[in-house]
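Trainee: Letter by letter, the chains look like this.
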Amino acid sequence: MSAVLTLDLKVNGRKRRVRVPPMKRLLDVLREDCGLTGTKEGCGEGECGACTVLMDGVPVNSCLVPASQAGGVRIVTVEGLAKGPALSVLQRAFVERGGTQCGICTPGILVTAHALLQRAKGRVPGDAEVREALAGNLCRCTGYQMIVNAVRAAARETKASARRRPARAAKPAARVKVKVARTKAKAAKTKAKAVGGRKRAGR
Amino acid sequence: MRAALSTLDVARPRDLGHALELLHASLGDGRLVPLAGGTDLFVTLNSGVVPGRRFLDLWGLRELRGVRERGGRLVLGALTTFSEIREHALVRRRYPALAAAAAEVGAWQIQNRGTLGGNIANASPAGDSLPVLLVLEAVVHARSVRGAREVPFTALFRGYRDLALEPDELIAAVSLPPAPARAKQFFRKVGTRRAQSISKVVLAGLLRLGRDGRVDLARVALGSVAPVTLRAGRTEHALLGARPSVAAAAAARAALLEDIAPIDDIRSDREYRRRVSGNVLEQFLRVAEPRFARR
Numbered sequence: 001m002s003a004v005l006t007l008d009l010k011v012n013g014r015k016r017r018v019r020v021p022p023m024k025r026l027l028d029v030l031r032e033d034c035g036l037t038g039t040k041e042g043c044g045e046g047e048c049g050a051c052t053v054l055m056d057g058v059p060v061n062s063c064l065v066p067a068s069q070a071g072g073v074r075i076v077t078v079e080g081l082a083k084g085p086a087l088s089v090l091q092r093a094f095v096e097r098g099g100t101q102c103g104i105c106t107p108g109i110l111v112t113a114h115a116l117l118q119r120a121k122g123r124v125p126g127d128a129e130v131r132e133a134l135a136g137n138l139c140r141c142t143g144y145q146m147i148v149n150a151v152r153a154a155a156r157e158t159k160a161s162a163r164r165r166p167a168r169a170a171k172p173a174a175r176v177k178v179k180v181a182r183t184k185a186k187a188a189k190t191k192a193k194a195v196g197g198r199k200r201a202g203r
Numbered sequence: 204m205r206a207a208l209s210t211l212d213v214a215r216p217r218d219l220g221h222a223l224e225l226l227h228a229s230l231g232d233g234r235l236v237p238l239a240g241g242t243d244l245f246v247t248l249n250s251g252v253v254p255g256r257r258f259l260d261l262w263g264l265r266e267l268r269g270v271r272e273r274g275g276r277l278v279l280g281a282l283t284t285f286s287e288i289r290e291h292a293l294v295r296r297r298y299p300a301l302a303a304a305a306a307e308v309g310a311w312q313i314q315n316r317g318t319l320g321g322n323i324a325n326a327s328p329a330g331d332s333l334p335v336l337l338v339l340e341a342v343v344h345a346r347s348v349r350g351a352r353e354v355p356f357t358a359l360f361r362g363y364r365d366l367a368l369e370p371d372e373l374i375a376a377v378s379l380p381p382a383p384a385r386a387k388q389f390f391r392k393v394g395t396r397r398a399q400s401i402s403k404v405v406l407a408g409l410l411r412l413g414r415d416g417r418v419d420l421a422r423v424a425l426g427s428v429a430p431v432t433l434r435a436g437r438t439e440h441a442l443l444g445a446r447p448s449v450a451a452a453a454a455a456r457a458a459l460l461e462d463i464a465p466i467d468d469i470r471s472d473r474e475y476r477r478r479v480s481g482n483v484l485e486q487f488l489r490v491a492e493p494r495f496a497r498r
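So the sequence lines, in the order shown, correspond to chains A and B. Residue numbering for the first sequence follows this note's numbering, beginning at 1 and increasing consecutively. Residue numbering for the second sequence follows this note's numbering, beginning at 204 and increasing consecutively.
Note that these hints are calculated values from the structure, not bench results. Predicted, not measured: the structure shown is a model, and the values here were computed from it. Heads up, a few of these hints could be off.
[Claimed, not checked] Here are the simulated lysine to any residue pairs, SDA-like style, with alpha carbons at most 20 Å apart:
1) A:Lys-10 with A:Glu-32
2) A:Lys-10 with A:Glu-47
3) A:Lys-10 with B:Gly-263
4) A:Lys-83 with A:Arg-131
5) A:Lys-10 with A:Lys-121
6) B:Lys-387 with B:Glu-492
7) A:Lys-121 with B:Glu-492
8) A:Lys-10 with A:Arg-31
9) A:Lys-121 with A:Ser-88
10) A:Lys-10 with B:Trp-262
11) B:Lys-387 with B:Arg-489
12) A:Lys-121 with B:Ser-286
Work out the full structure, taking the sequences as your base and the hints as a guide.
Mentor: Below you can see the structure in the form of structure tokens.
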């Protein structure tokens with residue numbers, strides 16, 4: 001009799017309970033038990049990154065993760081990037097800049113790039129930084145240049161819109177909605193000033 | 204052909220003590236195969252090879268996590284991932300060669316799951332962290348129901364994929380003594396591409412000159428050039444007491460060819476590995492001490 005594990009997953013913010021063999025690959029749990037087929041299998045040996053998903057915010061190869069290690073972990077798949085029908089800034093940048101061609105590597109690349117942009121916290125990562133972050137995601141079509149361009153364009157756009165946000169917040173109609181963002185932006189500004197002040201004082 | 208993963212079972216211990224009991228109890232009847240981040244194990248399984256029917260999932264054991272200082276040594280839990288190692292401030296400052304090696308294991312996805320203990324237990328002669336742990340003279344802290352035991356890294360590798368550990372022992376941690384003061388640390392991995400490749404040659408080194416301008420500390424270790432990751436004893440001997448020069452570098456290089464025994468395999472061939480090992484050794488010497496480039 002084979003072992004079966006009852007697993008409480010948190011995928012893309014949604015709780016799901018599945019009953020699966022403990023050594024079933026997270027990749028197959030997502031595709032077969034959760035019906036999330038956006039995550040692809042490429043090589044099945046942790047080389048190509050097509051199966052990349054986030055576990056507690058960091059990219060992993062889901063073909064190398066046993067189901068037994070996925071319980072209680074926050075999982076994000078490519079399906080979790082868009083808000084309903086609205087593509088994320090990153091996804092739109094890939095469409096607009098030809099960052100995708102045959103498409104098999106794209107879900108994994110989007111997920112890794114998403115993690116990179118989260119880690120960069122509004123900073124635009126350099127070309128070399130993007131290439132290193134994506135070194136575990138192979139693409140056989142694009143030659144990577146347009147992928148790197150798309151990731152950096154998305155980072156620039158996110159940064160620019162973060163700058164615009166406080167201005168928009170001044171409009172009375174939007175005030176309540178963006179209160180948190182406004183406060184955070186203020187806090188960041190104050191912090192930046194304080195750091196700059198220290199640096200100058202140190203010289 | 205993928206292994207039938209649905210037929211495999213996993214034991215999920217409550218804590219380290221429980222894990223050791225389960226491992227010990229399994230010895231008579233198909234030993235439990237320890238499972239950490241899965242980055243080596245699942246490659247094997249996905250290729251159709253089943254190393255066992257039952258696995259011991261260590262991933263949730265908090266006792267095996269974390270990096271801390273203890274009596275001047277840095278203790279890294281066996282489950283410390285390569286991402287944690289490359290980002291750790293103390294590792295970067297005191298053991299830059301280890302941080303450099305961690306940054307070249309696989310790629311980001313692998314570094315987030317691959318563990319230091321797993322890299323050791325897998326015992327591949329190509330393991331990226333192993334030459335660094337050899338030159339830093341790391342100690343493996345093994346645990347079993349019988350107690351705790353320390354195995355110096357220099358005595359760890361008995362033969363091809365054969366570790367000096369008992370079947371009921373788990374690697375709990377790795378500790379590093381203080382790095383020798385003023386010694387330059389070096390790490391270089393040569394693979395097919397910068398990321399995601401298994402090394403053709405990997406070399407770690409420590410080098411220091413004394414007040415008299417002669418080498419007074421030399422440690423060199425290599426992977427992928429012999430059945431085990433090894434310290435290059437003849438090379439170190441040739442360097443000790445030498446005054447840095449092109450001739451001294453050439454003598455060390457000649458000695459290195461006596462230390463290593465590379466083979467032809469899927470990733471590279473014997474001649475290439477001999478040549479590149481020598482090149483990387485000379486690079487190490489020149490980077491550590493520019494006078495190795497002077498006539």
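Trainee: Now look at each hint and say whether the structure bears it out.
Mentor: Cross-check of the supplied hints:
1. A:Lys-10 with A:Glu-32: holds, 16 Å
2. A:Lys-10 with A:Glu-47: The given pair, whose Cα atoms are some 26 Å apart, is violated under the 20 Å limit.
3. A:Lys-10 with B:Gly-263: OK: Lys-10 of chain A and Gly-263 of chain B at ~17 Å, within 20 Å.
4. A:Lys-83 with A:Arg-131: Between Lys-83 of chain A and Arg-131 of chain A the Cα gap is close to 27 Å, so the pair fails against 20 Å, i.e. violated.
5. A:Lys-10 with A:Lys-121: violated, 24 Å
6. B:Lys-387 with B:Glu-492: holds, 9 Å
7. A:Lys-121 with B:Glu-492: violated, 39 Å
8. A:Lys-10 with A:Arg-31: Satisfied, since the Cα-Cα distance of roughly 14 Å is no more than 20 Å.
9. A:Lys-121 with A:Ser-88: holds, 16 Å
10. A:Lys-10 with B:Trp-262: Holds - the C-alpha atoms of Trp-262 of chain B and Lys-10 of chain A are around 18 Å apart, at most 20 Å.
11. B:Lys-387 with B:Arg-489: Given pair Lys-387 of chain B, Arg-489 of chain B holds - Cα atoms ~11 Å apart, limit 20 Å.
12. A:Lys-121 with B:Ser-286: Distance of about 18 Å is within 20 Å: holds.
Against the hints set out earlier in the document, violations occur for numbers 2, 4, 5, 7.
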